[in-house]
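A.B. asks: Protein chains in written order, with my numbering: chain A, -8 to 339; chain B, -8 to 339; chain C, -8 to 339.
Any given hint could turn out to be false.
Since the list can't tell identical chains apart, any single copy or any two copies may satisfy a pair.
The calculated DSBU-like cross-link candidates involving lysine-lysine, where the alpha carbons are at most 30 Å apart (straight line), are [unchecked claim]:
1. Lys69 x Lys163
2. Lys284 x Lys85
3. Lys(-5) x Lys30
4. Lys10 x Lys330
5. Lys10 x Lys298
6. Lys20 x Lys10
7. Lys298 x Lys30
8. Lys30 x Lys10
9. Lys298 x Lys(-5)
10. Lys284 x Lys69
11. Lys163 x Lys10
12. Lys69 x Lys298
13. Lys284 x Lys10
14. Lys85 x Lys298
15. Lys298 x Lys20
16. Lys329 x Lys(-5)
17. Lys268 x Lys163
18. Lys230 x Lys69
19. Lys20 x Lys268
None of these hints come from the bench; they were simulated from the model.
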Amino acid sequence: MFLKNAWYVGCTPDEIDGKPLGRRICGEKVAFFRGPENKVAAVEDFCPHRGAALSLGFVQDGNLVCGYHGLAMGADGKAASMPMQRVAGFPANKTFPVVERYGFIWIWPGDPELADESLIPHLEWADNPDWAYGGGMYHLNCDYRLMIDNLMDLTHETYVHPESIGHHAIDKVPVNTVVQGDSIVTSRYMSNIVAPPFFQLQLRYNGMPADEPMDRWQISRFTPPANILIDVGVAFAGKGGFEAAREDKIGTIVVDFMTPETETSHWYFWGMARNWKPDDAEITEIIRQGQGKIFHQDLAVLEAQQKNLSEYPGRHLLMLNIDAGGVQSRRVLERLVKKENLADIETA
Amino acid sequence: MFLKNAWYVGCTPDEIDGKPLGRRICGEKVAFFRGPENKVAAVEDFCPHRGAALSLGFVQDGNLVCGYHGLAMGADGKAASMPMQRVAGFPANKTFPVVERYGFIWIWPGDPELADESLIPHLEWADNPDWAYGGGMYHLNCDYRLMIDNLMDLTHETYVHPESIGHHAIDKVPVNTVVQGDSIVTSRYMSNIVAPPFFQLQLRYNGMPADEPMDRWQISRFTPPANILIDVGVAFAGKGGFEAAREDKIGTIVVDFMTPETETSHWYFWGMARNWKPDDAEITEIIRQGQGKIFHQDLAVLEAQQKNLSEYPGRHLLMLNIDAGGVQSRRVLERLVKKENLADIETA
Amino acid sequence: MFLKNAWYVGCTPDEIDGKPLGRRICGEKVAFFRGPENKVAAVEDFCPHRGAALSLGFVQDGNLVCGYHGLAMGADGKAASMPMQRVAGFPANKTFPVVERYGFIWIWPGDPELADESLIPHLEWADNPDWAYGGGMYHLNCDYRLMIDNLMDLTHETYVHPESIGHHAIDKVPVNTVVQGDSIVTSRYMSNIVAPPFFQLQLRYNGMPADEPMDRWQISRFTPPANILIDVGVAFAGKGGFEAAREDKIGTIVVDFMTPETETSHWYFWGMARNWKPDDAEITEIIRQGQGKIFHQDLAVLEAQQKNLSEYPGRHLLMLNIDAGGVQSRRVLERLVKKENLADIETA
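Turn these sequences into a full structure, and let the hints steer you where they fit.
C.D. replies: Below, the structure is given as structure tokens:
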């Protein structure tokens, strides 16, 4: 269950650096490559000649050349050339709207007519020199909605990440979930606590004392199709928390873009953006590696959860207050997918 | 095809030492753990909150705490607590009767109402200081009944284990199979032979000459659901064989408990009990390792047999005299499973 | 889709040297072994006793002894003996006609009545001391017909093997495909080119200059069920090419025998025969290793192609002039398989 008429992160620029990339996105086999003028392109990963995987080939003069018999596929899905062949009558490949923006390659796996670049989420920090960003990608054998649940309920940090970002205060402070149209915001504010180790590390790197009493915030914001940005951070106690002056707090934006591969697997693009010491690449890399280790802990939990849910499909799950963020996000998706399906029927 | 209303070995105490264990038993996903007062407990491996695998969590104060959001599952299958939640209305998990006895954790995967501890087989040697025991566990991708066949017809030792316990005398001496109610006993007695290497090793460790002519016995006893104890040993020729005086023989009990995982896979708990030099832990370990190597040889044979049988399900198999032990054991199981199914229909 | 009444290469003699071999051929599970007088034999890989895989056993006195309980299976598919058993009434195993010839074990997976040894292709070079042969075998997870396509259209050399046998002249010279009854011949002749590296290596090993302008030929000949022999080589430009005098050219026969395992996997026996310096075993081995590396490059391409075709079964593929060899070969196979099926219906 996923939206097709939506922008997803398909890959990152480094994945198509000098070579094509084959990846299944929302059930579609896609070959990403750099077309004319180095502009990103995405076509079905199927050579119209004999069905070879185009992504095993190479890029030449803006075309994706099939590595089997040399058919050159254009970014427009049409065969541009093939040795000794007239390609004018060759059937065209499906193409997918793609846009390179904010350090990601965004793809629209649904109806190309509906692809509107202005719908790509605006990432303030991405084009701003006051900010630094580091991130990575994991493949998970589970429905992307289990990751939405995970990120919209950070209670799990106490159990899945006890030694880094977990804290028993999380368990004692209720969350607040607000529906804002298609966007869901879940927040939790903790007062007068000891900063967990991963925040202490950041405080020290920013030249701030790490053992003072702190106020902590977690503000997860879901927007369709599967984007979650989370404001997290700590401020010296009583200084205003999230709203504190810059010198009294340290915060980051946790960036999460989930892209369905199949109904029960997805690509998970994760990262962190920060607006302190943005020019220090060493700090960026240390945070990136730290986040990578922490976020990797979720994989085993979510993949085992998927196995359980697949085995007991009819089983009733609880919807507690802490689950409200995920539950509400799923409701938004269900509503939008229903609308998408109705639109398909009307145009058919 | 397996009995559900029966005691099976679910695991051994070392497998739940300080941590829970997830294992599929007779199709059921089970989480084993030590509950209150360190008493063993077993509940469905499914968190009633969001379906996470409870066995990925940890044990605290006799509860199994879910490693995702901290729901504490009690040994009684009821949620004992969860941070900031009232758990009174949470749906209960299925629980499984479990008993720790004789160095094993026994589980009853069927109707808990019928679980009667007195039905756990009595293992004389297990609580007796005159005896020593060593063993291990293998997972096999085959129907547990193929292992019953294997152990109820030791003719295979000549072919599968020629260098350790096999002997061409086995091929020359017929077996005798007796049905005793639900119990099947298959025996073979060989006279005046050279002891096979694994017995010579034991003779030497017990300070006895290893190259004398010996009489050898193999007495396999099957009891439902899948327990096979085998008396094996050698005595100096003409001294009475199995009945010989203690100083004239060396014998062990081969212990085999098979626990179905699915219809075509099972957990195989194997070991050996002996009543000579029971205090010598080094001998116990040497025998355990030797048995482990020998019994591992059966895996490839049985798994390939399972593949053949799955591919040719209608194919007629022979039932020779040597197969009588396995064939009769299967008949007992078929009768008892039929009875179990009828009882299910009557109560339904 | 494959012929069953046909000779396929089942294995090579080294694969049954002192031990049996289990291999699935055209869907049939076969145990190959050396029977009486060391003559090759092939029986169903299923012990009539309890379904064990006979190929896990051993050969004794021309019988294949089951490694489970010692049933000795004869080359005629009848149980020859079993310890303490009368085997006369045992059901017989299916047997498969097999012939050892030209360094291969040929098997006829269909109706044994129709197996005619004279239908085994004549391999002139195989029994001739003027020729040397080296080869190997790969397993591919794709329909064997994708390999037929591959070998009947060597255009792919330019893309899959650019650093060894590929050459952009291949792209510029059209192929010619001729149907000769059930045999298909596709040829391409290139003039006045630089020899590709793998041919330069051969020229040097044969003591010939490697940097002269050369004429090159590729003549692929398909015969059912899945045999392709390819004359390849280079001659000094203007000396007659394939027809040039021996001192002016260097040529080899590329040998390809494909044997279906299932509908979407096959065993690929590949090799090269040459009639220059046939006694130099070192050259044979160098060429064998070189060919092995080059031919291994096709695996990833063909297996990805199979995945695409399995995912889009209804998708229309192009049939260009370069594809004529494969297309015509497939037509021969379709015609013969249809004929085989009709014959089955008539006899049924």
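A.B. asks: Each hint: holds or not?
C.D. replies: Against the structure, the hints:
Within a single copy, Lys69 and Lys163 get their C-alpha atoms only as close as 59 Å, which misses the 30 Å cut-off; across copies the closest is 22 Å, which meets it. In this assembly of identical chains, Lys284 and Lys85 lie within 30 Å of each other by CA distance neither inside one copy nor across copies; the values are 38 Å within and 35 Å between. Proximity of Lys(-5) to Lys30 under the C-alpha cut-off of 30 Å is restricted to the intra-copy arrangement: shortest distance 23 Å within a copy versus 52 Å between copies. Taking CA atoms no more than 30 Å apart as the test, Lys10 paired with Lys330 passes in neither setting, with 38 Å inside one copy and 47 Å between copies.
In this homomeric assembly, Lys10 and Lys298 come within 30 Å of each other (Cα to Cα) only across copies, at 21 Å, whereas the closest approach inside a single copy is 35 Å. When the C-alpha separation of Lys20 and Lys10 is checked against a cutoff of 30 Å, the pair qualifies only within one copy, where the shortest distance is 17 Å, while the shortest distance between copies is 42 Å. Taking identical chains as interchangeable, the C-alpha atoms of Lys298 and Lys30 lie at most 30 Å apart only when they sit on different chains, with a minimum of 29 Å there against 40 Å within one chain. Proximity of Lys30 to Lys10 under the C-alpha cut-off of 30 Å is restricted to the intra-copy arrangement: shortest distance 13 Å within a copy versus 53 Å between copies.
Proximity of Lys298 and Lys(-5) under a CA criterion of 30 Å is satisfied in both settings, with 25 Å inside one chain copy and 23 Å between copies. With identical chains, the CA atoms of Lys284 and Lys69 are never at most 30 Å apart, being 43 Å at best within one copy and 34 Å at best between copies. Taking the shortest alpha-carbon separations for Lys163 and Lys10, only the inter-copy value of 26 Å comes in at or below 30 Å, while the best intra-copy value is 50 Å. Taking the closest pair of Cα atoms, Lys69 and Lys298 come within 30 Å of each other only across two copies (22 Å); inside a single copy the shortest separation is 41 Å, beyond that limit.
Taking the shortest alpha-carbon separations for Lys284 and Lys10, both the intra-copy value of 28 Å and the inter-copy value of 23 Å come in at or below 30 Å. When the C-alpha separation of Lys85 and Lys298 is checked against a cutoff of 30 Å, the pair qualifies only between copies, where the shortest distance is 18 Å, while the shortest distance within a copy is 33 Å. For a Cα distance limit of 30 Å, the shortest separation of Lys298 from Lys20 qualifies both inside one copy, at 24 Å, and across copies, at 11 Å. Taking the closest pair of Cα atoms, Lys329 and Lys(-5) come within 30 Å of each other only inside a single copy of the chain (12 Å); across copies the shortest separation is 44 Å, beyond that limit.
For the identical chains of this complex, Lys268 and Lys163 are neighbours neither inside a copy (33 Å) nor across copies (58 Å), given an alpha-carbon limit of 30 Å. Proximity of Lys230 and Lys69 under a CA criterion of 30 Å is satisfied in neither setting, with 60 Å inside one chain copy and 43 Å between copies. Taking identical chains as interchangeable, the C-alpha atoms of Lys20 and Lys268 are never at most 30 Å apart, the minima being 40 Å within one chain and 50 Å between chains.
The structure fails to meet hints 2, 4, 10, 17, 18 and 19 from the earlier list, while all remaining hints are met.
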